[in-house]
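Protein chains: 2
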Amino acid sequence: MEEMRVVEVKRDILAGNDEKADAFRAMLAERSTFFADIMASPGAGKTTLLLALIKKLRERGCELDRMGVIEADLESMVDALKIKEAGVTSVELNTKGVCHVEMGMVERAFSFFENRAFDYLFLENIGNLVCPSEFDTGAHCRVMLLSVPEGYDKVYKYPPMFAAVEALIVTKCDYLSLNPDFDMAALKRQAAVLNSGIKVFVTSARTGEGLDELTTWFEGRRHALLD
Amino acid sequence: MEEMRVVEVKRDILAGNDEKADAFRAMLAERSTFFADIMASPGAGKTTLLLALIKKLRERGCELDRMGVIEADLESMVDALKIKEAGVTSVELNTKGVCHVEMGMVERAFSFFENRAFDYLFLENIGNLVCPSEFDTGAHCRVMLLSVPEGYDKVYKYPPMFAAVEALIVTKCDYLSLNPDFDMAALKRQAAVLNSGIKVFVTSARTGEGLDELTTWFEGRRHALLD
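Sequence order for the protein chains is A and B. The opening position of the first sequence corresponds to residue 1 in our numbering, with each subsequent residue numbered one higher. The opening position of the second sequence corresponds to residue 1 in our numbering, with each subsequent residue numbered one higher.
Here chain A stands alone, though its shape is the one from the complex (with noise of 0.2 Å):
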């Protein structure tokens, strides 16, 4: 019985959240700004590789202006810190607890840029790999990072994730060699099993591996959305 009531009320709200999001979607494409929503665990290297992403971006002749960030946490400031440190336009969303972001938060959290031009909008998401793969936040590509200490086999025990994203990006791959039971080719298999669209990512923000094809990709999915 309480457990209906919940599945009731959380329809309610994911329906109103779906079409706040494709309005989201659709004002941002008019900018002709991409929004590209990053989840994972905690701790998997999110903000990390954001950071190693828009510097990227920036050599390739993106203006670090043309870049923004929503960077959402519980409830502290310690990526929002990091990200603002290095100089890029971002606002920190404070969920106060929920283990999500929603579309009501991400506009919230969009109007304190004031109407300030992107190419692209980075959501750094809540560290959770249930959760906020359930809630549309009006991204243009949603994607998920797996660290390797974490381990290859989270396919089948977090299915909704890896059934949500575009692409799986596989982070700290320098420590593959710690982790000689990580089986880089069954954890393909698998998200592919799921995910038959799925691209796949093995990156190392700290030697850069698979840094320029990721790279590359997120431009891709830019001009997609432009043409």
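Hints are supplied without guarantee of correctness; some may be wrong.
Copies of the same chain are indistinguishable here, so a pair counts whether it falls within one copy or spans any two.
Calculated cross-link-like contacts (lysine-lysine; reagent style DSSO-like; alpha-carbon spacing at most 30 Å) [unchecked claim]:
| # | residue 1 | residue 2 |
| --- | --- | --- |
| 1 | K199 | K20 |
| 2 | K20 | K96 |
| 3 | K56 | K199 |
| 4 | K188 | K84 |
Treat the hints as calculated values from the structure; they're not laboratory data. Model, not experiment: these values are computed from the prediction.
We have chain A already, so just place chain B on it with the hints.
Frame of chain A, contents of chain B only:
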């Protein structure tokens, strides 16, 4: 308005959950069963630590059939199979995508043990550093794991979890050499600011570091229950 409705429904459910949890805790205490809830991010090493702990308890004289595990996962049986392969009595708790474990699930899972008597009962909660902390699972003791590769800066980012537990078990300490930035002293200091009574264990299931101390602590917690 939508958020309000969710909060109200959630409050009802949490109140009902707490009552059930107290009754379950008392029932287990009468049977001299000590129940511990193990929480962490995905890939922090919950299953591996649990198997190492069970092995230690066995070496110290606890019979294998006096230990039981409730193994929670969103959908798969990946971890439940590992536990079964080790010969441990276990029940798979499949939450069907729900991001945490609550009492109805614990009671149902426990019924499958058919009144077997345990000295130790363990719950491996869903891999999620956010939601599980909110729901009392009827355990006598809640602990969390944080693995070294996740980074030390998690206390301020995931405070409800750090506030909810008696012990923080730092895992994968054999990775410390690869993580010169991991500030163990800062982690301990920040955890103690948030939760003054928190006990911190520094462990590695690979090297065995810290496992004796941790096992002694669990034994002590059980004895405190029996007194």
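| Which earlier hints turn out false for this structure, listed by number in ascending order? | When the structure is compared with the hints, none of them turns out to be violated.
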